[in-house]
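*Asks:* Residue-level listing of the chains:
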Amino acid sequence: MTRLSGVSPAELRPGEDAIERFERELGAVQATFARSTPETLARRIVEALREVGARHVGLTADLGGGRRALVEALRAADIEAVHYEAAAPSRDALRAMDATVTGCVAAVAATGSIITGERAGRAGALIAPTHLCVVERERLLDGLSQALRVIAGSGSSMLALQSGPSRTADIEKTLIMGMHGPKAAHVVLLDGRLDEA
Amino acid sequence: MMSEPIVCFPTCLVDLVGRRLADDVNTVLGAVGFSPIVASGATCCGQPAFNAGHHAQARRVARRTLRRLGDTEGPIVVPSGSCTAMMRRHWVELFHGDRDEILAAAVAKRVREFSEVVDERRRRLSAFEPRLNAVAGYHDSCHMLRELGIIDQPRRLLGYVDGLEVRPLASGERCCGFGGAFSLRYPEVSVAMADDKLADVRESGVDLLVSSDPGCLMQLGSRADRRGDPLRVLHVASVLAEAGVGR
Amino acid sequence: MSRSDDPLVGTGFRDRSRAQLGQPFLRQAIPRATDHTIAALHDRFADVDVAALRERGRRIRAETIRDLDAHLETLVAAFERNGITVHRAADAEAARGRIRSICSAAGARRVVKVKSMATEEIRLNPALAADGLEVVETDLGEYVVHLDDDRPSHIIAPIIHKTRQEVRQSLSRVAGRELPDDTAELTGFARGQLRDAFLSADVGISGANFGVAESGTVVLLTNEGNGRMCTSLPRVHIALMGIERVLPTLDDLAVMLPLLAGSGTGQLLTSYVSMISGPRREGEPDGPEEMHVVLLDNGRRALLGGPFEEALHCIRCGACQNVCPVYRQVGGHAYGWVYGGPIGAVLTPLFRGFDDGGELPQASTLCGACDDICPVKIPLHDLLLKLRRVGGGRAATRRERAAATFWAFLWSSGVGYRASIAVGRLGLTLARVLPARLRRGPVLARWAAGRGLPGRGGRP
Ligand code: SF4
Numbered sequence: 001m002t003r004l005s006g007v008s009p010a011e012l013r014p015g016e017d018a019i020e021r022f023e024r025e026l027g028a029v030q031a032t033f034a035r036s037t038p039e040t041l042a043r044r045i046v047e048a049l050r051e052v053g054a055r056h057v058g059l060t061a062d063l064g065g066g067r068r069a070l071v072e073a074l075r076a077a078d079i080e081a082v083h084y085e086a087a088a089p090s091r092d093a094l095r096a097m098d099a100t101v102t103g104c105v106a107a108v109a110a111t112g113s114i115i116t117g118e119r120a121g122r123a124g125a126l127i128a129p130t131h132l133c134v135v136e137r138e139r140l141l142d143g144l145s146q147a148l149r150v151i152a153g154s155g156s157s158m159l160a161l162q163s164g165p166s167r168t169a170d171i172e173k174t175l176i177m178g179m180h181g182p183k184a185a186h187v188v189l190l191d192g193r194l195d196e197a
Numbered sequence: 001m002m003s004e005p006i007v008c009f010p011t012c013l014v015d016l017v018g019r020r021l022a023d024d025v026n027t028v029l030g031a032v033g034f035s036p037i038v039a040s041g042a043t044c045c046g047q048p049a050f051n052a053g054h055h056a057q058a059r060r061v062a063r064r065t066l067r068r069l070g071d072t073e074g075p076i077v078v079p080s081g082s083c084t085a086m087m088r089r090h091w092v093e094l095f096h097g098d099r100d101e102i103l104a105a106a107v108a109k110r111v112r113e114f115s116e117v118v119d120e121r122r123r124r125l126s127a128f129e130p131r132l133n134a135v136a137g138y139h140d141s142c143h144m145l146r147e148l149g150i151i152d153q154p155r156r157l158l159g160y161v162d163g164l165e166v167r168p169l170a171s172g173e174r175c176c177g178f179g180g181a182f183s184l185r186y187p188e189v190s191v192a193m194a195d196d197k198l199a200d201v202r203e204s205g206v207d208l209l210v211s212s213d214p215g216c217l218m219q220l221g222s223r224a225d226r227r228g229d230p231l232r233v234l235h236v237a238s239v240l241a242e243a244g245v246g247r
Numbered sequence: 001m002s003r004s005d006d007p008l009v010g011t012g013f014r015d016r017s018r019a020q021l022g023q024p025f026l027r028q029a030i031p032r033a034t035d036h037t038i039a040a041l042h043d044r045f046a047d048v049d050v051a052a053l054r055e056r057g058r059r060i061r062a063e064t065i066r067d068l069d070a071h072l073e074t075l076v077a078a079f080e081r082n083g084i085t086v087h088r089a090a091d092a093e094a095a096r097g098r099i100r101s102i103c104s105a106a107g108a109r110r111v112v113k114v115k116s117m118a119t120e121e122i123r124l125n126p127a128l129a130a131d132g133l134e135v136v137e138t139d140l141g142e143y144v145v146h147l148d149d150d151r152p153s154h155i156i157a158p159i160i161h162k163t164r165q166e167v168r169q170s171l172s173r174v175a176g177r178e179l180p181d182d183t184a185e186l187t188g189f190a191r192g193q194l195r196d197a198f199l200s201a202d203v204g205i206s207g208a209n210f211g212v213a214e215s216g217t218v219v220l221l222t223n224e225g226n227g228r229m230c231t232s233l234p235r236v237h238i239a240l241m242g243i244e245r246v247l248p249t250l251d252d253l254a255v256m257l258p259l260l261a262g263s264g265t266g267q268l269l270t271s272y273v274s275m276i277s278g279p280r281r282e283g284e285p286d287g288p289e290e291m292h293v294v295l296l297d298n299g300r301r302a303l304l305g306g307p308f309e310e311a312l313h314c315i316r317c318g319a320c321q322n323v324c325p326v327y328r329q330v331g332g333h334a335y336g337w338v339y340g341g342p343i344g345a346v347l348t349p350l351f352r353g354f355d356d357g358g359e360l361p362q363a364s365t366l367c368g369a370c371d372d373i374c375p376v377k378i379p380l381h382d383l384l385l386k387l388r389r390v391g392g393g394r395a396a397t398r399r400e401r402a403a404a405t406f407w408a409f410l411w412s413s414g415v416g417y418r419a420s421i422a423v424g425r426l427g428l429t430l431a432r433v434l435p436a437r438l439r440r441g442p443v444l445a446r447w448a449a450g451r452g453l454p455g456r457g458g459r460p
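Chains as they are written, first to last, in my numbering: chain Z, 1 to 197; chain P, 1 to 247; chain Y, 1 to 460.
Hints listed in this document are in silico derivations from the structure and should not be mistaken for laboratory results.
Predicted model, so just to flag it, every value in this text is computed and none were measured.
A virtual CB, placed ideally from N, CA and C, is assigned to each residue, including glycine.
Careful, some of the hints might be misleading.
To be verified - To be clear about the criterion: a stretch of chain P counts as covered by chain Y if any three or more of its residues have a C-beta under 8 angstroms from a C-beta of chain Y, and this derived list gives those stretches: (1) 14-20; (2) 59-72.
Claimed, not checked - Cβ pair distances, simulated, as ranges: (3) D191/Z / R81/Y: 35 to 41 angstroms; (4) A402/Y / G228/P: 35 to 41 angstroms; (5) V174/Y / E196/Z: 48 to 54 angstroms; (6) R398/Y / R227/P: 33 to 39 angstroms; (7) D47/Y / E47/Z: 35 to 41 angstroms.
The shape of chain Z in the complex, shown without the other chains (with noise of 0.2 angstroms):
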């Protein structure tokens, strides 16, 4: 429990169980949660690419160890998969991706927000019309002050919390996705380790 709990509405409530808020509330903000293990993982985000017709895909730096075997999962079901820093300093290149895949530096489960820093990229989680993210079991915290408490002493020169696609409304109030960053942003939580995919 926190600190700012009961006082705050982006804190997890006394006794509140962190994945289940976590999932209702990246469904509030119209995100979609998964699960998986090690195991299933490269499987899983290879579906989630086919569904939305992915054919250029970049992933970042911080899925680590994890990265190679999702490339050639990628690769080995036809999808062009490269690493998002290679590719960042063409234009080009930024422009033709439609899905990145990132890991996280931590989740927070009370606000269904995810938090990325320099490795993903600045412009890693929101550069492509798709966004898939790999959440670690063990970074996802209860809320925004643990959250922020523990990013404090990273020393990150960049680090951002994004909650659901991006968004507008600002014509007549009418609410539509995607007005930058990416129309869809799919959240997968690992129940172990990304290099053990």
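Dock chains P and Y with the ligand against the given chain Z, drawing on the hints supplied.
*Replies:* Coordinates of chains P and Y with the ligand only, in the frame set by chain Z:
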């Protein structure tokens, strides 16, 4: 039953446009066992000038009222939410550091809004079997609502009237657009605000709009009047008097 | 800023508000949008102790502002440690000058911008355009405002005053063809345009919702994600930050983020929260090579320690606009400058002076709804009252004060009071029987424009 004297400060607006309302207030106070004594020589609480930012002028007028009221004893009944707020909350500020500071604080504590006073003796209302057939909505005066927190009392009083159905208004807490000098400074905006309120009143199927502030009553009543709206706009005291309280 | 290059629009609140009242769409759209947002706000805070949260928010802001210079010093040191170049700008002109020279040093041709009230405040876009830069606003609403050479009318929802048809026309002009009448299509078109802008811009300019002193971080909130695009893709990032936007710690941020998002849009958190602590470092995949923060004073420092210091607590959530019954009728443009609603009526005279904005504190009924909603409990009602007192020096109020003095003379005596009440009653009676053209008195005429005469039947 012995009736208990109570000081009544009708306020300038009531003096100007509400002589019958003053009678209604006296009638209802009498019915619940008070004998109201109109504070002689009290004129105005100074609110118009205070709200416009002219403190010296406000103090000059308020001082007269303050001193006249200071000569009396016991609770002071005021049939206006905003004047009550002015006297209870802002006099202390207006007379801060003034020779009448202590008096202002003492009088402020005695000031009571009409429905608060009547509410404490509300059981006596039943004796009159008050009755009025209407669908009513209650409009909160902003200052009474937010500065004094007097919300339930007037509604409770209306609950004693048979035949009166009180419906909640969707815009219940929204300002009517009077705002004192605002209503003259920006008449178009002020009227548009009244229309907003009246549209909601109409939608709620209300034919009697009740409030506790002569300013709001004047604003909404005059606008309804001009639009040829059959809506009646009355003070809580007038509703009770019409329903037969004190007869 | 010299007044002449940025006059308040129109001659006064009355004229400006009359123009707004004549727009049927506005009269529908604002209530619809603001009611929706306020309902979402109440839902958002329904099951927490929101009073305690607001009190924490108030305390954080009050303590920070009280000791602003110390916190700024920490912030600047942390920014510099993080490789951010810090500039201080005393006024709008200085801020524009700084930003212009950073752009020219970077050899910039194209600039992308994130919606920022501070950049509106200093009228940055025309200055950059005059230097031959192509400026692209990337918030959808602000993009349309910019295309139309208009001004935003709400802190959070800049085109609350525009219909979809108007937006369609503006975007169709850019497209050179008639775009379909469909919000998703219009948005999609803008996305394409703006994506090109992000990818080709040399400089990204943003505001700063907060600057966190402990970590030297610029915090930027957007729902569209344009905040992050503008600060990630171009070579140079410039953040214009009002000096009052400092927060001492990340713990404070944990309080302010949900307060701001909940009060502004009813969200738990704004969709994208960027916490930027410096330019791209060695080995990082992307990000700007240079990062600058321009600290904007522009009238803020003068408020420290004075009766209006609390105005600096504002976090620009827009909730006070959303509940304001006057704003509801007239929208933001009636206030004449960049900030509308209660906080606009407070900030405009303070930042622009009383000659320009001194009337605005009068444009309120003092209903107090704003006090009740403000996430950091700024006593707006009280500030408006205090401003009315100070504003007494204006020419218009000098006449009014003379009237008030005469009134006070009459009403402080029993005879004077009774006589004026008698005259007033007589006047009302006469007005009722006289033909309309004879009811001329200025007070009565203003009342009677749209309202019947009060006091019929002896009731107000
Ligand atoms: S004054 Fe308060 S309610 Fe208004 S914008 Fe500022 S923080 Fe929000």
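*Asks:* Would you mind marking each hint as holding or not holding in the structure?
*Replies:* Against the structure, the hints:
no.: 1; hint: 14-20; in the structure: holds (count 7)
no.: 2; hint: 59-72; in the structure: holds (count 4)
no.: 3; hint: D191/Z / R81/Y: 35 to 41 angstroms; in the structure: holds, 39 angstroms
no.: 4; hint: A402/Y / G228/P: 35 to 41 angstroms; in the structure: holds, 39 angstroms
no.: 5; hint: V174/Y / E196/Z: 48 to 54 angstroms; in the structure: holds, 50 angstroms
no.: 6; hint: R398/Y / R227/P: 33 to 39 angstroms; in the structure: holds, 37 angstroms
no.: 7; hint: D47/Y / E47/Z: 35 to 41 angstroms; in the structure: holds, 37 angstroms
In this structure, none of the earlier numbered hints is contradicted; all agree with it.
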